[in-house]
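Enquirer: Go ahead and model the full structure; you've got the sequences and the hints to work with.
Numbering (the numbering used here), first residue to last: 30 to 96.
Derived from the structure by calculation, the hints contain no laboratory data. This structure is a prediction, so every number in the text was calculated from the model and none was measured. A hint or two may mislead.
[To be verified] Just the calculated beta-carbon pair ranges, DEER-fashion: (1) N78 <-> Y33: 33 to 43 Å; (2) R43 <-> V75: 37 to 47 Å; (3) M30 <-> T73: 36 to 46 Å; (4) M30 <-> A61: 53 to 63 Å; (5) K45 <-> C69: 46 to 56 Å; (6) T73 <-> Y33: 51 to 61 Å; (7) V79 <-> R43: 31 to 41 Å; (8) M30 <-> Q68: 51 to 61 Å; (9) M30 <-> N78: 29 to 39 Å; (10) L70 <-> R44: 32 to 42 Å; (11) D76 <-> R44: 35 to 45 Å.
Where a beta carbon is used, it is the ideal one built from N, C-alpha and C, also for glycine.
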Amino acid sequence: MEEYALKIQAEKDRRKNVVNRKQAMHRIVDRAQFTKAMQCLKMTPVDVNVLFSVFDFELEHKIEVLR
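Expert: Take a look at the structure:
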């Protein structure tokens, strides 16, 4: 019975994490915003382009910047 309760709690925690991630969507940035942020960190445009090529941002992908 205790094992079942642990599984239920684990599922509740997993669902809570999904909700928290959805609430964090307001922190999504586009490439221009990402570039400005990276330049504030003293990254060169070349470095930023390398990051985007690694993440395959050829399409209109967006990324989440956590604070």
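Enquirer: Indicate, hint by hint, whether the structure satisfies it.
Expert: Cross-check of the supplied hints:
1. N78 <-> Y33: 33 to 43 Å: Given about 51 Å between the Cβ atoms, the range is violated.
2. R43 <-> V75: 37 to 47 Å: About 40 Å separates the Cβ atoms of R43 and V75, which means 37 to 47 Å holds.
3. M30 <-> T73: 36 to 46 Å: violated (59 Å)
4. M30 <-> A61: 53 to 63 Å: holds (55 Å)
5. K45 <-> C69: 46 to 56 Å: violated (33 Å)
6. T73 <-> Y33: 51 to 61 Å: Since T73 and Y33 have Cβ atoms about 55 Å apart, the given range 51 to 61 Å holds.
7. V79 <-> R43: 31 to 41 Å: Once the Cβ atoms are compared, 34 Å apart, the range 31 to 41 Å for R43 and V79 holds.
8. M30 <-> Q68: 51 to 61 Å: Cβ of M30 to Cβ of Q68: about 57 Å, so the range 51 to 61 Å holds.
9. M30 <-> N78: 29 to 39 Å: Between M30 and N78, where Cβ atoms are some 56 Å apart, the hint is violated.
10. L70 <-> R44: 32 to 42 Å: Since L70 and R44 have Cβ atoms about 34 Å apart, the given range 32 to 42 Å holds.
11. D76 <-> R44: 35 to 45 Å: holds (37 Å)
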